[in-house]
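Colleague: As a plain string of letters, each chain reads:
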Amino acid sequence: DTGVSQDPRHKITKRGQNVTFRCDPISEHNRLYWYRQTLGQGPEFLTYFQNEAQLEKSRLLSDRFSAERPKGSFSTLEIQRTEQGDSAMYLCASSHDFGAAQNTEAFFGQGTRLTVV
Amino acid sequence: QKEVEQNSGPLSVPEGAIASLNCTYSDRVSQSFFWYRQYSGKSPELIMSIYSNGDKEDGRFTAQLNKASQYVSLLIRDSQPSDSATYLCAVKGDDGYALNFGKGTSLLVTP
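Protein chains in written order, with this note's numbering: chain A, 1 to 117; chain B, 1 to 111.
Chain A extracted, bound-state conformation (with noise of 0.2 Å):
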């Protein structure tokens, strides 16, 4: 399969804990993005890579919130000292970068749902 794999796909954890989600793209999809989505709302943007670099986060991203993407491959989303708030489901996406402004579609995992208790 080569689509966006996102792992794990369920998290439990109690509050104060620390997790970490892994997402890997579509092979040479230079784009990855994450997002966070809870119930009855759409997909709530937090942050960008194009390759290894981080070109956008979120202004309402948390400094408990952190991601990486060393080589420009897979992306790992760190949540530090987890709250009740910070339940919901984590989507990865990723797209190609053709090289125009336009042409950004996106193909989203199946998400990590993560429920802090």
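Incorrect hints may appear among the rest.
Derived lysine-lysine pairs resembling DSBU-like cross-links, with alpha carbons at most 35 Å apart [to be verified]:
| hint | chain 1 | residue 1 | chain 2 | residue 2 |
| --- | --- | --- | --- | --- |
| 1 | B | K103 | B | K67 |
| 2 | B | K56 | B | K103 |
| 3 | A | K71 | B | K67 |
| 4 | A | K71 | A | K14 |
| 5 | B | K42 | A | K57 |
| 6 | A | K14 | B | K67 |
| 7 | A | K57 | A | K14 |
| 8 | A | K57 | B | K67 |
| 9 | A | K57 | A | K11 |
| 10 | A | K14 | B | K103 |
| 11 | B | K42 | A | K11 |
| 12 | A | K11 | B | K103 |
| 13 | B | K56 | B | K67 |
| 14 | B | K42 | A | K14 |
| 15 | A | K71 | A | K11 |
| 16 | A | K57 | B | K2 |
| 17 | B | K42 | B | K67 |
| 18 | A | K11 | B | K67 |
I should point out that these hints are in silico values taken from the structure, not numbers from a laboratory.
Chain A is fixed; fit chain B onto it per the hints.
Modeller: Chain B only, in chain A's frame:
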């Protein structure tokens, strides 16, 4: 704040009818527009993209864009019960890389 507005629904249509989903956006310089379908508990699935004013057809789906009115819509012809899902409108501005999503419209196609 770049807003993307959708009627949350639910929009109920009988099987075989045309479903019309609408979306407005606030950022006048937006360049790229996308429709995603999301089944309950699943991740969004890209179904249409549109970049220029006018209509774009793909099978039973037609996306319509009117940049002057800051309006984008999705028509689903011959609606099927399997089309029942939440439809998310996503907009990308000329600056930045983020897709801004609406809250989605819930569509119910009744047999």
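Colleague: Look at each hint and say if it fits the structure.
Modeller: Here is what the structure says about each hint:
1. Between K103 (chain B) and K67 (chain B) the alpha-carbon distance is near 20 Å, which keeps this suggested pair within the 35 Å criterion.
2. For a cut-off of 35 Å, the pair hint linking K56 (chain B) to K103 (chain B) stands: about 23 Å separates their Cα positions.
3. For the hint pairing K71 (chain A) with K67 (chain B), the CA-to-CA distance comes to about 38 Å; that exceeds 35 Å, so the pair is violated.
4. At roughly 31 Å between alpha-carbon atoms, K71 (chain A) and K14 (chain A) fall within 35 Å of each other, so this suggested pair holds.
5. The straight-line distance between the Cα atoms of K42 (chain B) and K57 (chain A) is roughly 25 Å, inside the 35 Å bound, and the hint therefore holds.
6. Distance restraint check for K14 (chain A) and K67 (chain B): the Cα-Cα separation of roughly 47 Å exceeds the 35 Å cut-off, and the hinted pair is therefore not satisfied.
7. The hinted pair formed by K57 (chain A) and K14 (chain A) meets the criterion: a straight-line CA distance of about 26 Å does not exceed 35 Å.
8. Between K57 (chain A) and K67 (chain B), the direct Cα distance comes to roughly 27 Å. Compliance with the 35 Å bound is thereby established for this hinted pair.
9. With a CA separation close to 24 Å, the supplied pair K57 (chain A) and K11 (chain A) stays within the 35 Å bound.
10. Only pairs whose Cα atoms come within 35 Å are accepted, and K14 (chain A) paired with K103 (chain B) is accepted, the gap being roughly 29 Å.
11. For the hint linking K42 (chain B) to K11 (chain A), the alpha-carbon distance of about 16 Å falls within 35 Å, and the restraint holds.
12. With a C-alpha separation of about 24 Å, the suggested pairing of K11 (chain A) with K103 (chain B) holds against the 35 Å cut-off.
13. A hinted pair counts as satisfied when its Cα atoms are at most 35 Å apart, and K56 (chain B) with K67 (chain B) qualifies at roughly 14 Å.
14. At most 35 Å may separate the alpha-carbon atoms for a hinted pair to count; K42 (chain B) and K14 (chain A) meet this at roughly 24 Å.
15. For the hint linking K71 (chain A) to K11 (chain A), the alpha-carbon distance of about 26 Å falls within 35 Å, and the restraint holds.
16. As the CA atoms of K57 (chain A) and K2 (chain B) are separated by approximately 15 Å, the hinted pair is consistent with the 35 Å bound.
17. Distance check on the hinted pair: K42 (chain B) and K67 (chain B) sit about 31 Å apart at the alpha-carbon level, within 35 Å; holds.
18. Our distance criterion of 35 Å between C-alpha atoms is broken by K11 (chain A) and K67 (chain B), whose separation comes to about 41 Å.
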